[in-house]
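**Q** With chain A fixed as given, assemble chains B and C onto it according to the hints.
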Amino acid sequence: MTGIDDTAVVIAFWVMAVVTIGSALMVATVHDLIHAVLFLILSFVGIAGLYITLSADFVAMVQILIYAGAISVLMLFSILLTPRSARDNAGVSYSAPIASVAILVAVVLIYAGLSTDWAYASNGFTSTAREIGNALLDPYALPFEVASVLLVVAMVGAIVLVRPTHEAGGTPLGEGEQF
Amino acid sequence: MTELRTPPYVVNIGPQHPSTHGVFRVKATLDGERIIDAEMVLGYLHRSMEKLAEERTFTQNIPFTDRMDYLAAMTGNLGYCLAVEKLAGIEVPERAQYLRVIFAELQRIASHCMANGTFVNDCGAWQTPLMYMFRERERILDLFEMTCGARLTTNYMRIGGVSFDVPDEFYPAVNSLMAEMPDRIAEYEGLTLDNEILLARARDIGVLRPDVAINSSATGPLLRGSGIAWDVRKADPYCVYDRMEFDIPIGRNGDCFDRFIVRMEEMRQSVRIIKQALEQLPAGPVNVPLPLALKPPPGEAYARIESPKGELGFYLVSDGGPTPYRWHVRSPSYINLTVLKDMVVGLSIADAIVSLGSIDINVGEIDR
Amino acid sequence: MAPLLNWYDFDPFHDLYHWLDKHVESWVVYLVAAVIGSAGILTFVGLGALVNVWLERRLIGRIQVRRGPNRVGPFGLVQPVADAIKLIQKEVLQPDAADSRLFNLPPIIVFIPAMLTFAVFAWAPDLVLANLDAGVLYLLAISSITALAIFIAGWSSNNKYALLGAMRVIAMMISYEVPMVMCFLAPVLLAGTMSVAGLVQWQQHHFLLAAFVPMSVLIYGLSATAELNRTPADIAEAESEIVAGYHTEYSGMKFGLFYAVELINSLAVSGIMASLFFGGWWLFGVEKVIPAWIIFILKIYFFYFGLIWLRGTLPRFRIDQLMGLAWKMLLPLALINVAVIATEVLIWQEADLGGWVLAPYAVVNIALTAALVVVFFRIVTARFYRLPTRVILVRDIQVPALPAPASSALRPPTPLPQ
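Residue numbers (our numbering), protein chains in the order written: chain A, 1 to 179; chain B, 1 to 368; chain C, 1 to 418.
This is chain A alone, in the form it adopts within the complex (with noise of 0.2 angstroms):
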């Protein structure tokens, strides 16, 4: 099968690369909001793609579906639910200040990542799925539990915002009926 340092790879890596980063930095750049979360979208997907590089096929399958598929759409909503005029990407008044500090967590962050001895996985598994499933469930049990009562308590939270209240009377639809 093919390893990490084949050609194909290598050209896969540095295409998802460009992808991803080029798409962050348009991210920060581009004056329509819209735009920008369009942008993040792909960078998401790009991150999947070096994921794939990687061998990590569920992780990037995991990542098109609640990144690209879910919380771009969060993050799509809750812009359209600010007025228009309050969309405006780029009169942001301390991009400079802000600027700077990103550049220097990511300077951080590359070194960080260079410098670190990586332990690499044994080649052994064949199924990804199988091995985290097994991890979520022996070691990671905690957090995985955690994670659920944070995700129940999120689904209360936005059902409790969005009831109508007593003043505004009656199903958001009026008399038709609910199912």
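In case anyone wonders, no lab produced these hints; they're calculated from the structure.
The reader is advised that the hints may include incorrect statements.
Pairs of lysine to aspartate or glutamate residues, derived as DMTMM-like cross-links and limited to a Cα-Cα distance of at most 25 angstroms, are as follows [as the list claims (entries may be wrong)]:
(1) C/Lys-328 - B/Glu-196
(2) B/Lys-234 - B/Glu-91
(3) B/Lys-275 - B/Asp-183
(4) C/Lys-328 - B/Asp-204
Interface residues of chain A toward chain C, partial, derived using beta-carbon atoms under 8 angstroms [as the list claims (entries may be wrong)]:
(5) Asp-6
(6) Ile-34
(7) Ala-36
(8) Met-61
(9) Val-62
(10) Gly-69
(11) Leu-76
Every residue gets a Cβ at the ideal spot worked out from N, C-alpha and C, and that includes glycine.
**A** Below, chains B and C without anything else, positioned relative to chain A:
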């Protein structure tokens, strides 16, 4: 916690819209998906018929009535001719009266086929029940073409009778149609009535309370769906309806589904009436000879009939000349439409379209 | 009769790959195989779209007591070509205020997931373009991109109706992804693998998964029609309400692409249904006589016929009824399904029973599915049956004596603008 509110926005339903049954516009103010105000804008199809009629003789005005409610031309003709006959004191021969009843009821079946079919189409069934109902409507329109030459704008009734007698091939055609019609209506009911999706879309939607219906002069299936048994054919019989035996279907709840089933049942009752009329059809002349320009004595007359859409009334004022001094039409769709805002506020657009479809308007009649 | 397998099997490709493997690097072989496989899939998808246009229009016509198109060519077979030519030569209108860079993207973006779905299907025992280990998850991930494309289409049209349609579609698609993901858990648990080819192989050794997880089949059927935006769940393009929804402003071949993608997605969904639940290319040994990929394609079209049938017969749900259906009916059913199947698999593996235990599992699951569906159905539709669906027949007129209204029952008239 601040309330998250978005401003209401105005959406135009129509005038170019596949479901407004004609050119007709509703300016709906929406809050999310819920309608909080609906303002109707009419007049896109105004052809000033009432004014034009003042310059034409009474007989020349009959084609106007075809084109008002263009889906129920026979009943439009009938109402107008009754008004002129009332004004001029003309006696209509028996055979003509029976023929008038037969064709009015055939037109009622055709119009209800269209109304119910488009109603289910508005609920979303991609024209399937509509095509089934159009099968029978086509046969009825063939009968019309056989008799008077036109399918839609029939111009059949004349002052003092009808224009042509029925040809010989009419009888077997109408007899076979009436023999099959109850099975077909049962087929339509089997296709639609127990469908849960249709029930979910139409039950408890657009409810019209009986007192609101009476107060806003609603007539026709709109009134009968709310549970009020009122039919002009029984309350104020014209032609030979007093010799016919038929029932009035009424609904229980006043919602869209009740109007739908009232129209279905009315089709069955029309079949009954046509069968009785065919049995009792006497021989004789089909119209009376009239002067070329009929000059009724000065006065006024109001004649009303039960058209498929409601009570269709014609108010005529004559000043002794060959043309009417004033011609006004009480069109059922126009009066029935006044309850739309009441029915629609609080529902979503989908429900509003379904409610509009269930009122069964015809914009030609509203705008004239 | 000599089996057809010898004529149409794909051994020449295997020989080509083995020959290439000796001469070039492995990734070049991979690339060549990918290109050939993609060309095959594109051929199927292109022909499938054409066939589907014709099939859909003829079948819907037949359901509606009329013939479908029969003028263009014998039996109207050239109709799809005529449609394509018509769409291509139409004037492409773009609203002035539409975001022009974003306006042209959605027809392309929405096409990509439709085609990518076919990559994981197992067309024959040894004919898979990409035998992903996480094949089922890949299918779900791909389908969530379609929702994004539809949103971009609706938003960039700068049209209230289009935006309304796009919002409805997004809400609906996200809602229906949840039961869909859950209902895929059940066959994956039983078979122990997430790869689509692996699921088909499991069914080859045991039996059709539809017998073991009938609830998943039902849930997937309904969720898939919602994801496809087909009737009874086609609020996105509810012609009678919001004209054409998110593709109102698209004309010409852009609209043609949306339409074609809907058909291709229908094929993809039918393919998923056929592979995951109904055996894919396996049909009780018939695949030794008829080539397996022909069996698979026939199964795909069988389920596509079911989709067309649903479209021709049923009216449309309202948006809140659809969401209620997803969250209040399908999600609990899916959760119960997963719980039951997980318990059964646990018993099967912990007690180390043989394969015979699957038969009573099938019986239990089918009975449980039937019971649950009936119970939920009764609960949900009880409200519609509280009033009879027939009229009252009255012999003579009677106007009820209503009390005088306390106030004017009609609303006050809207104030005129000043």
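**Q** Run every hint past the structure and note whether it holds.
**A** Consistency of the hints with the structure:
| no. | hint | result |
| --- | --- | --- |
| 1 | C/Lys-328 - B/Glu-196 | 17 angstroms, holds |
| 2 | B/Lys-234 - B/Glu-91 | 21 angstroms, holds |
| 3 | B/Lys-275 - B/Asp-183 | 15 angstroms, holds |
| 4 | C/Lys-328 - B/Asp-204 | 21 angstroms, holds |
| 5 | Asp-6 | 5 angstroms, holds |
| 6 | Ile-34 | 7 angstroms, holds |
| 7 | Ala-36 | 12 angstroms, violated |
| 8 | Met-61 | 4 angstroms, holds |
| 9 | Val-62 | 7 angstroms, holds |
| 10 | Gly-69 | 3 angstroms, holds |
| 11 | Leu-76 | 6 angstroms, holds |
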